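Enquirer: Make a model of the complete structure from these sequences and hints.
Line by line, the protein sequences are chains E and F.
Here our numbering is used: the first residue of the first sequence is 1, the next is one more, and so on.
Here our numbering is used: the first residue of the second sequence is 1, the next is one more, and so on.
Hints are computed from structural coordinates only; laboratory data are not their basis.
Incorrect hints may have been included.
As the list claims (entries may be wrong) - Distance condition first, Cα-Cα at most 25 Å in a straight line; then the derived DSS-like pairs of lysine-lysine:
hint: 1; chain 1: F; residue 1: Lys389; chain 2: F; residue 2: Lys226
hint: 2; chain 1: E; residue 1: Lys185; chain 2: F; residue 2: Lys76
hint: 3; chain 1: F; residue 1: Lys172; chain 2: F; residue 2: Lys159
hint: 4; chain 1: F; residue 1: Lys32; chain 2: F; residue 2: Lys281
hint: 5; chain 1: F; residue 1: Lys281; chain 2: E; residue 2: Lys162
hint: 6; chain 1: F; residue 1: Lys225; chain 2: F; residue 2: Lys389
hint: 7; chain 1: F; residue 1: Lys76; chain 2: F; residue 2: Lys159
hint: 8; chain 1: E; residue 1: Lys185; chain 2: F; residue 2: Lys172
hint: 9; chain 1: F; residue 1: Lys389; chain 2: F; residue 2: Lys340
hint: 10; chain 1: F; residue 1: Lys32; chain 2: F; residue 2: Lys76
hint: 11; chain 1: E; residue 1: Lys185; chain 2: F; residue 2: Lys281
hint: 12; chain 1: F; residue 1: Lys389; chain 2: F; residue 2: Lys332
If you're wondering where the values come from, they're calculated on a predicted model, not measured in any experiment.
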Amino acid sequence: MASVEWKSSVVSAAGTDLHVTRGGEGQPVIILHRDIGTLDRLPFYDALAQNHEVVIPDHPGYGGSPRPEWVANVRDIALLQRALLGRLGLNQATLVGLGFGGWIAAEMATCAPSGTSRLVLVGAMGLKPPSGEILDQALVSYIEYVREGFHDVAAFERNYGKSLSTEQLVQWDLCREMSFRVAWKPYMYNDSLPYLLRGVQAESLIVWGDDDRIVPASVAALYAERLPHARRETIANAGHLVEMEQPEALARLIASFIAST
Amino acid sequence: MHLMYFTEQPMKDYPVEAGNDIGFTSLLMSNKHFDPVVGSRLYNEFLENYVYAEEMGVDGIMLNEHHNAPFCMQAKANVFASLLAGVTNRVKIVLLGNPLPLTDNPVRLAEELAMIDMVSKGRLVSGFVRGGGQEQLATNANPAYNRERFQEAHDLIVKAWTVPGPFRWEGKHFHQRVVNPWALPLQQPHPRIWIPGVISHETIVWAAKHGYPYIALNTSIEDTKKIWERYDAAAAEAGYTPGSENRGYLIRCHVAETEEAALASARQFLWMDGEFTGRLKPVWASPSGYFSPSSRESFVNFVAGQSASPSRPRKTFEQQVADLQIIAGTPKQVVASLRKIMQETRPGIMAFWGNDGRMSQTDARTSIRLLGQEVMPALRESAKELDLKSPFEANMPVSRAWAEAHRAEAAE
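Expert: Given below as structure tokens:
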């Protein structure tokens with residue numbers, strides 16, 4: 001795999017500063033990260049950047065993006081991310097939403113139902129599960145929550161190392177606080193989203209790990225039913241954190257989806 | 001000096017083994033272990049004890065509330081406050097307090113409190129709290145907005161009490177088309193507001209700026225002194241010099257006829273492994289957004305199970321007795337220890353936390369009798385010598401805002 005040069009910058013969207021990391025060349029792909037934020041570098045990002053321009057903005061209040069006091073719900077985040085795409089000239093980029101970021105990506109698509117070319121949702125939150133429940137992170141520690149996201153717990157250490165720094169815990173806490181601010185009640189879904197999804201014209205790919213213990217697979221089925229141009233894929237030996245557990249498989253799936261649509 | 005009796009109202013007959021099996025005794029411990037027959041008996045015992053405490057001479061009854069846990073059976077402080085308003089005659093009814101962030105309708109709270117104040121003929125002290133971390137989870141109050149909700153609910157309640165309605169409230173967290181409660185406090189301009197707490201710097205400063213007494217909850221003498229340093233500094237910034245009337249202190253205290261009996265019963269204070277709010281998972285005590293951003297680094301390690309609680313260092317029973325965080329003994333011994341606390345930290349309000357854990361009803365009542373009849377009279381004498389005055393004795397203004405408005409009026 002060729003090494004990728006990643007660059008970070010701060011871009012203002014609707015007057016709000018967002019921290020953006022970019023690398024690779026090709027068709028643009030926007031990564032909407034999780035409620036636990038994202039590590040700066042992931043093998044998944046490198047794999048995708050072999051043939052695509054990969055853009056990873058930190059959501060407002062997460063990672064390198066400061067917290068705007070006024071951001072009160074997930075749609076606010078989606079609209080800021082939309083504004084960012086406009087600033088970057090990437091309105092037609094493929095949206096790849098991971099977990100909580102999948103909810104944001106889905107909201108972004110509903111905000112511009114004819115203006116999104118491709119939508120990839122990986123273990124996406126955002127819909128009330130027809131059966132089962134979205135695991136409530138408020139009841140478990142940061143570490144337990146992330147561990148629950150892996151099919152094979154060895155993947156935790158592979159991604160985060162043997163011992164966790166206070167810095168990492170602080171990052172998770174900041175992320176969690178922001179997630180509570182925007183998604184406390186109802187927890188991690190929007191009741192109007194299932195209706196708005198019907199208007200989304202984007203080609204959509206719904207990906208779930210076969211052992212996702214954070215977001216029930218019933219949510220995948222509902223997304224596939226509501227999005228007019230959707231197909232479903234399941235990745236074996238993966239929990240909720242598919243991009244950290246099966247990075248190559250997920251990158252391949254997304255690349256072939258982009259190439260074929 | 002204002003001297004109060006307090007109990008957590010423990011559900012002492014819950015099945016201990018059930019808690020041992022799961023490793024916690026709060027929030028997610030199933031209420032299938034709650035027996036309403038036992039609950040009915042205990043509620044009535046608590047009520048009898050409050051009435052008895054008044055007969056024995058206490059100045060006030062302190063009440064609080066918690067949720068989803070056997071360490072405290074009071075799920076709504078205003079319920080017992082209402083009962084006491086009816087069945088007692090003299091004692092102050094001191095709520096420490098209503099957890100403001102937990103309510104979605106502060107005006108309803110203002111109405112309830114006004115009713116309690118009127119029924120009790122002006123005996124209400126209306127303390128407010130942020131509520132513990134797990135209370136936010138038990139009642140689905142967003143911890144990330146805990147402090148904002150606390151402050152806004154407070155502002156709305158005080159306005160509902162003091163500004164004639166109807167008016168409209170368009171805040172960040174609360175929105176009321178019409179605020180115009182036809183129930184207003186008997187005490188004017190409004191019942192006293194006292195603010196209890198343990199560690200949070202922001203709350204200490206907030207209380208000082210408003211001119212509300214702060215009640216330190218069983219902190220060590222050393223930590224209590226730090227609280228007063230911070231409080232006094234904030235008060236000085238706000239332009240006044242606080243005194244003993246600004247200082248309250250809650251202490252676990254058990255009195256018996258012999259030292260041996262007192263110490264044996266006092267061990268019950270550590271019945272939940274010494275955890276004030278039951279055995280719990282750290283993440284429940286400190287949900288993200290709830291604690292001070294300035295202490296984030298120490299709290300995240302606690303939440304992750306990598307360090308002890310920054311607010312509640314673990315100590316053995318013997319250490320706590322030696323450090324005067326648990327007082328147990330004969331009336332004479334107890335008076336000597338409490339006098340030391342009074343000398344060192346100069347409170348004008350003291351609350352005595354009794355009847356915890358599995359103490360028998362007989363022990364609980366003996367302690368109340370000795371407290372009221374022997375300990376408190378001696379402490380009142382000490383308070384005179386030390387010049388420790390309660391907010392009532394000092395005729396302290398109910399708030400800085402009121403004091404300043406009053407001064408402006410007088411100047412006109």
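Enquirer: Against each hint, give a clear statement of whether it holds in the structure.
Expert: These are the hints, each one checked on the structure:
Among the hinted pairs, Lys389/F with Lys226/F is consistent with the structure: their alpha-carbon atoms are about 21 Å apart, no more than 25 Å. At most 25 Å may separate the alpha-carbon atoms for a hinted pair to count; Lys185/E and Lys76/F meet this at roughly 23 Å. Pair hint Lys172/F plus Lys159/F holds up; C-alpha atoms about 16 Å apart against a cutoff of 25 Å. With a CA separation close to 20 Å, the supplied pair Lys32/F and Lys281/F stays within the 25 Å bound.
About 23 Å separates the Cα atoms of Lys281/F and Lys162/E, which keeps this hinted pair within 25 Å; it holds. Between Lys225/F and Lys389/F the CA atoms are separated by roughly 18 Å; this keeps the pair inside 25 Å, and the hint holds. For a cut-off of 25 Å, the pair hint linking Lys76/F to Lys159/F stands: about 23 Å separates their Cα positions. Pair hint Lys185/E plus Lys172/F holds up; C-alpha atoms about 16 Å apart against a cutoff of 25 Å.
With a C-alpha separation of about 16 Å, the suggested pairing of Lys389/F with Lys340/F holds against the 25 Å cut-off. This hinted pair checks out: Lys32/F and Lys76/F have alpha carbons roughly 20 Å apart, not beyond 25 Å. Simply put, Lys185/E and Lys281/F have alpha-carbon atoms about 22 Å apart, close enough for the 25 Å limit, and the pair holds. Of the pairs offered as hints, the one joining Lys389/F and Lys332/F holds, with about 22 Å between alpha carbons and a cut-off of 25 Å not exceeded.
Of the numbered hints stated above, none is contradicted by the structure.
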